[in-house]
Amino acid sequence: MALTGLEIYKQMPKKNCGECGVPTCLAFAMALASGKAALDSCPYVTEAARENLDSAAAPPIKAIKFGKDSVLGDETVLFRHDKTFYHPTTLLISVSDTLSDDELNAKIEEIKGLEFERVGLQYSIDGVAVVQESGDAARFAKVAAVVAEATDKSLLLLSSDPEAMKAALAPLASRKPLIGAATADNYEAMVNLAKENSVPVIIKADGLDALEELVVKAQALGYKEFVLDPGTRTPVDTLANLTHIRRLAIKKKFRPLGFPVIAYTSKTEPMEEIMEASVYVAKYASAVVLKTSKKAHLLPLMTLKQNIYTDPQKPIQVEPKLHSVGNVDENSPFYITTNFSLTYYSVEGEVETSKIPSYILPIDTDGTSVLTAYAAGKFEPEKIVEAMNACGIADKVKHRNIIIPGYVAVISGKLSELSGWKTIVGPRESSGIVSFSKSLT
1 MALTGLEIYK QMPKKNCGEC GVPTCLAFAM ALASGKAALD SCPYVTEAAR ENLDSAAAPP
61 IKAIKFGKDS VLGDETVLFR HDKTFYHPTT LLISVSDTLS DDELNAKIEE IKGLEFERVG
121 LQYSIDGVAV VQESGDAARF AKVAAVVAEA TDKSLLLLSS DPEAMKAALA PLASRKPLIG
181 AATADNYEAM VNLAKENSVP VIIKADGLDA LEELVVKAQA LGYKEFVLDP GTRTPVDTLA
241 NLTHIRRLAI KKKFRPLGFP VIAYTSKTEP MEEIMEASVY VAKYASAVVL KTSKKAHLLP
301 LMTLKQNIYT DPQKPIQVEP KLHSVGNVDE NSPFYITTNF SLTYYSVEGE VETSKIPSYI
361 LPIDTDGTSV LTAYAAGKFE PEKIVEAMNA CGIADKVKHR NIIIPGYVAV ISGKLSELSG
421 WKTIVGPRES SGIVSFSKSL T
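Using the numbering used here, you'd call the opening residue of the sequence shown number 1 and step up by one each time.
If you are wondering where the hints come from, they were derived from the structure by calculation, not from laboratory data. Glycine included, C-beta positions come from ideal geometry on N, C-alpha and C. Honestly, I wouldn't trust all of these hints.
[What the hints assert, rightly or not] Label pairs and their computed distance ranges (CB to CB):
#1 E163 - E51: 37 to 45 Å
#2 Y223 - N307: 29 to 37 Å
#3 T268 - R80: 27 to 35 Å
#4 K355 - G120: 20 to 28 Å
#5 G21 - G113: 29 to 37 Å
[Claimed, not checked] With a Cα cut of at most 30 Å, we get these calculated DSS-like pairs of lysine-lysine:
#6 K414 - K383
#7 K15 - K314
#8 K68 - K294
#9 K224 - K314
#10 K283 - K253
#11 K321 - K294
#12 K396 - K68
#13 K224 - K107
#14 K195 - K224
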């Protein structure tokens with residue numbers, strides 16, 4: 001059972017030094033109890049107290065690392081606005097060992113092509129799940145080796161046969177794959193195999209009661225690098241289990257279920273599968289295994305994942321420097337906007353559509369939109385002039401015209417006065433840039 005804030009406080013040094021970033025030891029103890037602080041932040045805690053406080057200091061959901069750079073779990077809140085989510089859901093594409101060699105190679109090439117760029121961010125699929133469906137241990141090991149050779153993405157090896165898993169894992173242990181699943185019938189062999197190779201293992205049982213019981217048995221083997229699978233394969237049941245597990249781990253500090261959870265899509269129609277996966281990404285799955293590997297299907301899911309796992313206190317921003325669209329010259333128009341990613345790329349897209357090479361200068365507004373930045377005093381003439389001087393736009397164009405968003409037309413007079421340039425009030429919305437640009441020629 002997790003300790004309360006007052007129980008933790010009794011073991012604090014009570015110096016109230018503030019070196020932990022919190023004014024008092026009592027406040028630090030409360031933050032520690034709620035999972036919002038780390039015990040290592042206190043430089044004066046004794047070793048005896050540290051040993052006693054291990055359970056309270058540990059995150060409510062254990063961090064599990066596997067593969068190239070995949071991190072599962074280590075979350076501290078139910079809702080993003082409470083603080084933030086830290087580790088985006090790992091998306092893996094399923095590859096069956098029943099595929100022919102040609103089908104396997106085609107599937108791998110399709111997976112390797114799942115690279116996207118959107119609003120300045122790079123998206124890619126996180127890993128590949130090799131699934132034994134053939135019943136042939138040698139074939140499973142071969143497919144796993146082929147996939148590992150062809151891609152550096154994180155690997156998940158799925159087989160209920162410990163001997164088949166042992167054969168497939170042996171040459172790939174250095175890649176630190178996630179393996180599974182350990183069930184009531186094979187958990188000793190699977191957990192010991194994971195322990196011997198220092199890789200995480202999926203613990204699978206039907207229902208939360210059975211899952212808790214199996215986790216306790218697996219931990220008794222001296223290993224705790226687990227990912228949970230509550231066994232359900234329908235969206236409604238999986239959603240219920242994901243929510244219950246997260247609430248028990250976060251709110252109740254229930255340690256047997258304080259591990260990341262993996263979910264598997266059950267729908268066969270690709271768009272229905274993506275909708276199902278979207279539910280799991282939104283509601284607490286640390287990893288999701290999908291069947292579809294088509295770009296058109298996966299981009300919306302990756303976009304949703306990125307939006308959910310963006311820190312709400314740190315908006316996505318572009319670098320506040322002078323950007324050029326097309327083959328700019330000394331006559332190219334000069335647009336001003338903010339460095340909020342969605343605002344900037346909306347403007348850039350419309351400028352590109354206008355087919356008039358132009359300069360765009362995003363002002364550093366801490367990633368806020370035009371009206372928000374203006375209301376907060378971050379989109380003022382003084383700051384715009386400072387950015388113009390720093391980027392050297394005066395040396396790049398022979399005209400002296402600035403185009404500002406229509407929503408901040410009120411700053412046009414002062415901007416002209418401070419800069420010595422003519423301020424042109426552009427459209428309020430970026431969608432008006434194409435028609436507006438025709439008036440500049």
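Practice task
Could you tell me which of the numbered hints above are not met by this structure, giving the numbers in increasing order?
Solution key: The structure breaks hints 5, 7, 9, 11, 12, 13; every other hint is satisfied.
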